[in-house]
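Trainee: Our numbering applies: residue 1 is where the sequence shown begins, and numbers increase by one.
Keep in mind the hints are simulated off the structure, nothing from the lab. The beta carbon of each residue, even a glycine, is placed where N, CA and C say it ideally should be.
Only pairs whose alpha carbons sit at most 27 angstroms apart, straight line, appear in this in silico BS3-like list of lysine-lysine:
1) 33 to 66
2) 62 to 39
3) 33 to 59
4) 66 to 39
5) 33 to 2
6) 40 to 2
7) 29 to 59
8) 29 to 39
9) 66 to 40
10) 39 to 59
11) 40 to 29
12) 29 to 62
13) 39 to 2
Taking CB as the label site, the calculated pair distances span:
14) 92 to 125: 17 to 27 angstroms
15) 5 to 98: 21 to 31 angstroms
16) 118 to 24: 32 to 42 angstroms
17) 36 to 57: 18 to 28 angstroms
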Amino acid sequence: MKISTRGRYALRMMVDLAEHDGEEFIALKEITKRQGISKKYMEQIIPLLNQAHLLRTAKGQKGGYKLARHPSEITIAEIVSCAEGGLNVIDCLEDEENQCPRASYCRTLPIWEGLRDLIIDYLSGITLQDVLDQNAAEIGMYMI
1 MKISTRGRYA LRMMVDLAEH DGEEFIALKE ITKRQGISKK YMEQIIPLLN
51 QAHLLRTAKG QKGGYKLARH PSEITIAEIV SCAEGGLNVI DCLEDEENQC
101 PRASYCRTLP IWEGLRDLII DYLSGITLQD VLDQNAAEIG MYMI
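Model the full structure from these sequences, guided by the hints.
Mentor: In structure tokens, the structure reads:
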């Protein structure tokens with residue numbers, strides 16, 4: 001599985017919002033400047049994050065974006081999944097019920113299901129707060 005630019009940028013935006021959680025709504029211009037991501041590209045990602053109820057938005061002069069929930073309540077799996085359209089490693093695992101005509105006797109299917117489950121479990125076990133805490137710990141290690 002390869003995470004696309006869209007998935008990586010969605011995660012960077014959400015981490016940026018988590019770093020500034022508690023502040024007022026943050027203008028997209030500020031986020032894109034800090035993250036070095038084009039505004040046009042972020043405007044394509046924002047609807048995905050909105051549909052997943054991960055963002056709150058406000059229009060107007062003091063408008064912008066903020067997290068819909070506390071950083072400890074938003075997992076990396078949620079962010080990447082909404083940006084990537086799921087976390088499946090092969091096409092036949094995309095539907096709720098496997099539509100592949102070989103599914104009932106495919107000897108390799110359990111391998112792909114296991115890999116998907118490992119990825120989901122791993123990313124579900126990390127929250128935005130965990131990312132912030134890890135970064136704070138790394139910064140603290142180098143302070144004199």
